[in-house]
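Undergrad: Residues per chain are reported as follows:
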Amino acid sequence: MKIINGLLLISFGALLVYASLGLPNRGDVDAVMHREKSPAGSQGASSYYIRNADKDANTPNMVTVILADYRGYDTLGEETVILTAGLICFLILRRKKNKS
Amino acid sequence: MIQNSPALVPLLLLAAAISIPVLAIKKTGVAYLVAAAASVFSVMISAYNMFRVWQSGPLTYHFGGWIPPIGIEYVLDPLSAFVALVVNVVALAVLCHAGGLKGREVSEKSVPYYALVLLFLCGANGIIMTGDLFNLYVFLEIFSLAGYGLIGIGEKQAPVAAFRYLIMGTVGASFYLLGLGFLYIITGSLNMADVRNILPLVQANPAVAAALSLMVIGMGIKMAIFPLHGWLPDAYTYAPSTTSALVAPIGTKVAAYVIIRILFFVFDIKFVSHTWPITDLIAWFAAIGIIYGSVMAMAQNEMKRMLAYSSVAQIGYIGLGIGLANPLGFIGAVLHILNHAFMKGALFLVAANIRKNAGHSDISRLDASYRKKLPWSMAAFTLAALSMIGLPPTAGFFSKWYLALGAIDKGNWIFLAVILISSLLNAVYFFRILEKVYLVPPPSQKAGENIPPETTKRETSLIGEEKYSLLIPAVALSVSLLLIGLWNANIVKGIIQRIIPLGM
Amino acid sequence: MTDLFLGHYAYWAIIFLLILGLYGMIFKNNLAKKLIGMTIFQVAIIMFYVASAVKWGATVPVLDPVTGAADAAKYISPLQHCLMLTAIVVGVATSGVAFSLVIAIYRRYKTLDESKLLERMKSS
Amino acid sequence: MLGYKSNLIILMVSHVVSPFIMLFALYVIFHGHYSPGGGFQGGTIMAASLLLMRLAAGREIAQLQFKSVLGTPLGSIGVLIYFGTGFAAMLSGGEFLNYRFLPFAGFTAAELRSLGILMVEIGVGLAVMAILVAIYDDLLEGYPND
Numbered sequence: 001m002k003i004i005n006g007l008l009l010i011s012f013g014a015l016l017v018y019a020s021l022g023l024p025n026r027g028d029v030d031a032v033m034h035r036e037k038s039p040a041g042s043q044g045a046s047s048y049y050i051r052n053a054d055k056d057a058n059t060p061n062m063v064t065v066i067l068a069d070y071r072g073y074d075t076l077g078e079e080t081v082i083l084t085a086g087l088i089c090f091l092i093l094r095r096k097k098n099k100s
Numbered sequence: 001m002i003q004n005s006p007a008l009v010p011l012l013l014l015a016a017a018i019s020i021p022v023l024a025i026k027k028t029g030v031a032y033l034v035a036a037a038a039s040v041f042s043v044m045i046s047a048y049n050m051f052r053v054w055q056s057g058p059l060t061y062h063f064g065g066w067i068p069p070i071g072i073e074y075v076l077d078p079l080s081a082f083v084a085l086v087v088n089v090v091a092l093a094v095l096c097h098a099g100g101l102k103g104r105e106v107s108e109k110s111v112p113y114y115a116l117v118l119l120f121l122c123g124a125n126g127i128i129m130t131g132d133l134f135n136l137y138v139f140l141e142i143f144s145l146a147g148y149g150l151i152g153i154g155e156k157q158a159p160v161a162a163f164r165y166l167i168m169g170t171v172g173a174s175f176y177l178l179g180l181g182f183l184y185i186i187t188g189s190l191n192m193a194d195v196r197n198i199l200p201l202v203q204a205n206p207a208v209a210a211a212l213s214l215m216v217i218g219m220g221i222k223m224a225i226f227p228l229h230g231w232l233p234d235a236y237t238y239a240p241s242t243t244s245a246l247v248a249p250i251g252t253k254v255a256a257y258v259i260i261r262i263l264f265f266v267f268d269i270k271f272v273s274h275t276w277p278i279t280d281l282i283a284w285f286a287a288i289g290i291i292y293g294s295v296m297a298m299a300q301n302e303m304k305r306m307l308a309y310s311s312v313a314q315i316g317y318i319g320l321g322i323g324l325a326n327p328l329g330f331i332g333a334v335l336h337i338l339n340h341a342f343m344k345g346a347l348f349l350v351a352a353n354i355r356k357n358a359g360h361s362d363i364s365r366l367d368a369s370y371r372k373k374l375p376w377s378m379a380a381f382t383l384a385a386l387s388m389i390g391l392p393p394t395a396g397f398f399s400k401w402y403l404a405l406g407a408i409d410k411g412n413w414i415f416l417a418v419i420l421i422s423s424l425l426n427a428v429y430f431f432r433i434l435e436k437v438y439l440v441p442p443p444s445q446k447a448g449e450n451i452p453p454e455t456t457k458r459e460t461s462l463i464g465e466e467k468y469s470l471l472i473p474a475v476a477l478s479v480s481l482l483l484i485g486l487w488n489a490n491i492v493k494g495i496i497q498r499i500i501p502l503g504m
Numbered sequence: 001m002t003d004l005f006l007g008h009y010a011y012w013a014i015i016f017l018l019i020l021g022l023y024g025m026i027f028k029n030n031l032a033k034k035l036i037g038m039t040i041f042q043v044a045i046i047m048f049y050v051a052s053a054v055k056w057g058a059t060v061p062v063l064d065p066v067t068g069a070a071d072a073a074k075y076i077s078p079l080q081h082c083l084m085l086t087a088i089v090v091g092v093a094t095s096g097v098a099f100s101l102v103i104a105i106y107r108r109y110k111t112l113d114e115s116k117l118l119e120r121m122k123s124s
Numbered sequence: 001m002l003g004y005k006s007n008l009i010i011l012m013v014s015h016v017v018s019p020f021i022m023l024f025a026l027y028v029i030f031h032g033h034y035s036p037g038g039g040f041q042g043g044t045i046m047a048a049s050l051l052l053m054r055l056a057a058g059r060e061i062a063q064l065q066f067k068s069v070l071g072t073p074l075g076s077i078g079v080l081i082y083f084g085t086g087f088a089a090m091l092s093g094g095e096f097l098n099y100r101f102l103p104f105a106g107f108t109a110a111e112l113r114s115l116g117i118l119m120v121e122i123g124v125g126l127a128v129m130a131i132l133v134a135i136y137d138d139l140l141e142g143y144p145n146d
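Top line first, the protein sequences correspond to chains Y, S, V and G.
Residues in the first sequence are numbered from 1 upward in steps of one, following the working numbering.
Residues in the second sequence are numbered from 1 upward in steps of one, following the working numbering.
Residues in the third sequence are numbered from 1 upward in steps of one, following the working numbering.
Residues in the fourth sequence are numbered from 1 upward in steps of one, following the working numbering.
Worth flagging that the hints you see were computed from the coordinates, not collected in a lab.
Heads up, a few of these hints could be off.
Claimed, not checked - Using 16 angstroms as the maximum straight-line C-alpha spacing, the simulated EDC-like pairs for lysine to aspartate or glutamate come out as follows:
| hint | chain 1 | residue 1 | chain 2 | residue 2 |
| --- | --- | --- | --- | --- |
| 1 | V | K28 | V | E114 |
| 2 | V | K33 | V | E114 |
| 3 | V | K55 | Y | D54 |
| 4 | S | K436 | S | D367 |
| 5 | V | K55 | V | D71 |
| 6 | V | K74 | Y | E36 |
| 7 | S | K372 | S | E435 |
| 8 | S | K270 | S | D280 |
| 9 | V | K122 | V | D64 |
| 10 | S | K436 | S | D362 |
| 11 | V | K74 | Y | D30 |
| 12 | V | K74 | V | D64 |
| 13 | V | K74 | Y | D54 |
| 14 | Y | K55 | V | D71 |
| 15 | S | K410 | S | E302 |
| 16 | S | K436 | S | E302 |
| 17 | V | K122 | S | E155 |
| 18 | Y | K55 | G | E111 |
| 19 | S | K156 | V | E119 |
| 20 | Y | K37 | V | D71 |
| 21 | V | K33 | V | E119 |
| 22 | V | K55 | Y | D30 |
| 23 | S | K27 | S | E108 |
| 24 | Y | K55 | V | D113 |
| 25 | S | K26 | S | E155 |
| 26 | S | K109 | S | E155 |
| 27 | V | K122 | S | E302 |
| 28 | V | K122 | Y | D54 |
| 29 | V | K74 | Y | D28 |
Said to hold, decoys possible - Chain G residues, not near chain Y, derived (Cβ > 12 angstroms throughout):
| hint | residue |
| --- | --- |
| 30 | N7 |
| 31 | G58 |
| 32 | T108 |
| 33 | V133 |
Ideal Cβ placement from N, Cα and C applies to all residues, glycine included.
Kindly produce the complete structure, drawing on both the sequences and the hints.
TA: As structure tokens, this is what we get:
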């Protein structure tokens, strides 16, 4: 079993290294994800955020604008995640009041 | 409000969930009422959505008013509307049933429990409807975290099972996230439709294949497809009855839906079946899983555990349908998502009824007295079991029929043999229970001390001692199996044939 | 070759971290150590995203009135940072839930060692 | 409680430092528009200040500052603020979370969005703060001390 797990681990690493060879060089300004237009011609999201965040929301910090406005629904979901975690800790750990 | 209806179901469930801790601060009984009401409304809204989609084609909804590559969108096409409706209907049945149980197994913690149930459903609906790959991850986390919590509250061994589920589930979600990272670097977009347009232009990149593999493996863990099913049996066995009945039909189906989305609606069908043939891999593992799950189910003595292993087998059917990657297999897979959700819901609800009445669900201790005590539950069980085996008028037959046709279409006779053999195995392990319930005479009065006194008292009442709220959901789910079976041609023609992905 | 190395060494280091985390989760017997592995795994993914956001010669994604917003190459990509803020909080939530489960397990079985745990689960 | 012993120096230092941490947390939340920061970061720092008092003074005394019972409801209220902001926009005709439709008169669209972001960040900060403290309390309460 240990050998199989080890092999799985190695193949996982090999897959990732193989995949990483396809990635553009780190910091390359011309990488697809940094372009103005995607290869299919649609708007590149990242550069749109950089150029329009301040115009759209009057807020210089682009990360904040993306977080709370462009992708605000993600943040709502993610706040729900942490509320869920709080509820689970309550559910699993809080004991009955009369006991303690 | 009408134009907001695609987003309304997750939002409603979310609003109900977050208002429960505030509303129920004084009276804990409010929690269940809020949950049930939210579930009723979610069924209504998703039925309405289904109607709208059926009439006028796919709907999209842009959060914050931002057009897709910039913002997040919800996409309601026939597939997502259909699966959302199935999930919400099953959830409503389970919640009705939970009202009858009166939270016996969750005692005083009903406030966080029902809030988590709603968050679980909110996550499921969000996953199903979203058209954004990262948004899917966020809702996947809500969904799975709530699932861990709902399981961890169960019996003594439940935290261990939940912990194992958490470790594996987190690995799954992280794999998905990692694959998404590769995909984003390559395509520069998170929107499913956008990524689908960009991918053919960058497909030669090795990172795309790796991203696909990582995402499918990650969701495969959540779906519990054969070699990745390790968390499932313990988790379903030790969870409280309501949780088992909720997580078993919904949890794995949602993951299966995500795999369908990724394979056929984000990636290209040619890519996943020829260039990087991951669908073949899925089909083979699923076929092994069908046999493995059925054999393991035969060896189990505990009813919930048996049902859990049977889930592994049934997930295999869905996986097989996905892996066949042809229209008939696809129809079979989607139809089996519907069928299995209803069947497993009904079976787990009956298991819950048995547990409530007898205090156990050991198969070896079942006998004909249970049929007398729980006539309707047992009738529901029989119907659902027949459907699991796949006898003609019931729904289970038709999904297997389409899968078999798909296997023939693909020319792979081994898959056909697997489907037939597993039907026999299904018959063996379900008839084992049916035989006990209908044929084995109850033990004589000497062994009567086995039966708890509370159950012997009211043996004379007309419908046994079952409450209607415990009875109706299980019966309704299994009767609807019959109806689905009868109307299956309409479902396939009206809904599923519209969603067969392009190029399949 | 040097170009490939310079462009990818950060990814390879992160892949090492990912394998390390997965190793902890698979091979360690103690539940707390499994959790540590899980955290390493999640953090490595966060690093992967953030590493991919870099552009040489660019600054942080807060609008600099001098630079202006006309040229997207002047700022590193803000999207990954935003996504990872979400992922960090998800990671925190997951580890909180995991710790509560670990504590519940310890309360019931008085051990966190997996083999002992399986023994005690069977005997009870 | 785990061999807890009151230590005067730690207690005094925490007393002095804690309000400043809170102030910094508020700064981080409200300055999130202009510099790195925002709801999560500020909420976490706020939680750190509350947890510092819980560590230094013991959980029972720290109840005076922030009751454990409040954790989950306050977290819910935080999410409700976020949800309510989005829902208000939806009620006044826009999509969910489309802050441009927030029902405040006399602002341009960009200013409304800025305002919406601020409201949302406050909700996030409140929720993160309350839930982190609640998780800490629950973990402590669940600790097997018997």
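Undergrad: So, for every hint listed, does it hold in this structure?
TA: So, going through the hints one by one against the coordinates:
The suggested pairing of K28/V with E114/V holds, with an alpha-carbon distance near 9 angstroms, which does not exceed 16 angstroms. Taking the CA atoms of K33/V and E114/V, the gap is near 11 angstroms; set against the 16 angstroms cutoff, the hint holds. Taken as a hint, the K55/V and D54/Y pair is broken in the structure, with Cα atoms around 20 angstroms apart against an allowance of 16 angstroms. This hinted pair checks out: K436/S and D367/S have alpha carbons roughly 5 angstroms apart, not beyond 16 angstroms.
Proximity of K55/V to D71/V is assessed by CA-CA distance (about 13 angstroms); at most 16 angstroms being required, the pair is judged to hold. Distance hint between K74/V and E36/Y is fulfilled; the C-alpha atoms sit about 13 angstroms from each other, no more than 16 angstroms. This hinted pair checks out: K372/S and E435/S have alpha carbons roughly 14 angstroms apart, not beyond 16 angstroms. The straight-line distance between the Cα atoms of K270/S and D280/S is roughly 12 angstroms, inside the 16 angstroms bound, and the hint therefore holds.
With a C-alpha separation of about 63 angstroms, the suggested pairing of K122/V with D64/V is violated against the 16 angstroms cut-off. For the proposed pair K436/S and D362/S, the alpha carbon gap of about 11 angstroms is at most 16 angstroms, so the pair holds. At roughly 12 angstroms between alpha-carbon atoms, K74/V and D30/Y fall within 16 angstroms of each other, so this suggested pair holds. At roughly 10 angstroms between alpha-carbon atoms, K74/V and D64/V fall within 16 angstroms of each other, so this suggested pair holds.
Between K74/V and D54/Y the CA atoms are separated by roughly 15 angstroms; this keeps the pair inside 16 angstroms, and the hint holds. Under the criterion of a C-alpha separation no larger than 16 angstroms, the hint pairing K55/Y with D71/V is consistent with the structure, at around 14 angstroms. About 38 angstroms separates the Cα atoms of K410/S and E302/S, which puts this hinted pair outside 16 angstroms; it is violated. Our distance criterion of 16 angstroms between C-alpha atoms is met by K436/S and E302/S, whose separation comes to about 14 angstroms.
The hinted pair formed by K122/V and E155/S meets the criterion: a straight-line CA distance of about 14 angstroms does not exceed 16 angstroms. Pair hint K55/Y plus E111/G holds up; C-alpha atoms about 10 angstroms apart against a cutoff of 16 angstroms. Of the supplied pair hints, the one linking K156/S and E119/V holds, its CA atoms being roughly 14 angstroms apart against a limit of 16 angstroms. Straight-line distance between C-alpha atoms of K37/Y and D71/V comes to about 14 angstroms, which keeps the hinted pair within the 16 angstroms bound.
As the CA atoms of K33/V and E119/V are separated by approximately 19 angstroms, the hinted pair breaks the 16 angstroms bound. Annotation: proposed proximity of K55/V to D30/Y holds, straight-line Cα distance about 9 angstroms (limit 16 angstroms). Distance check on the hinted pair: K27/S and E108/S sit about 11 angstroms apart at the alpha-carbon level, within 16 angstroms; holds. With a C-alpha separation of about 56 angstroms, the suggested pair K55/Y and D113/V falls outside the 16 angstroms cut-off, and the hint is violated.
Distance check on the hinted pair: K26/S and E155/S sit about 27 angstroms apart at the alpha-carbon level, beyond 16 angstroms; violated. For the hint linking K109/S to E155/S, the alpha-carbon distance of about 14 angstroms falls within 16 angstroms, and the restraint holds. A C-alpha spacing of about 15 angstroms is found between K122/V and E302/S, which places the hinted pair at or below 16 angstroms, so the restraint holds. Restraint check for K122/V and D54/Y: not satisfied, since their Cα atoms lie roughly 61 angstroms apart, outside the 16 angstroms limit.
As the CA atoms of K74/V and D28/Y are separated by approximately 12 angstroms, the hinted pair is consistent with the 16 angstroms bound. The Cβ of N7/G lies farther than 12 angstroms from every Cβ of chain Y, with a closest approach of about 26 angstroms, so its non-interface assignment holds. With a closest Cβ-Cβ approach of about 16 angstroms to chain Y, G58/G is found to remain outside the 12 angstroms limit, as its non-interface label requires. Remark: the non-interface label on T108/G conflicts with the geometry, its nearest Cβ contact in chain Y lying 8 angstroms away (cut-off 12 angstroms).
A Cβ of chain Y approaches the Cβ of V133/G within 12 angstroms, the least distance being about 9 angstroms, so the stated non-interface status is violated.
In this structure, the hints that do not hold are numbers 3, 9, 15, 21, 24, 25, 28, 32, 33, in rising order.
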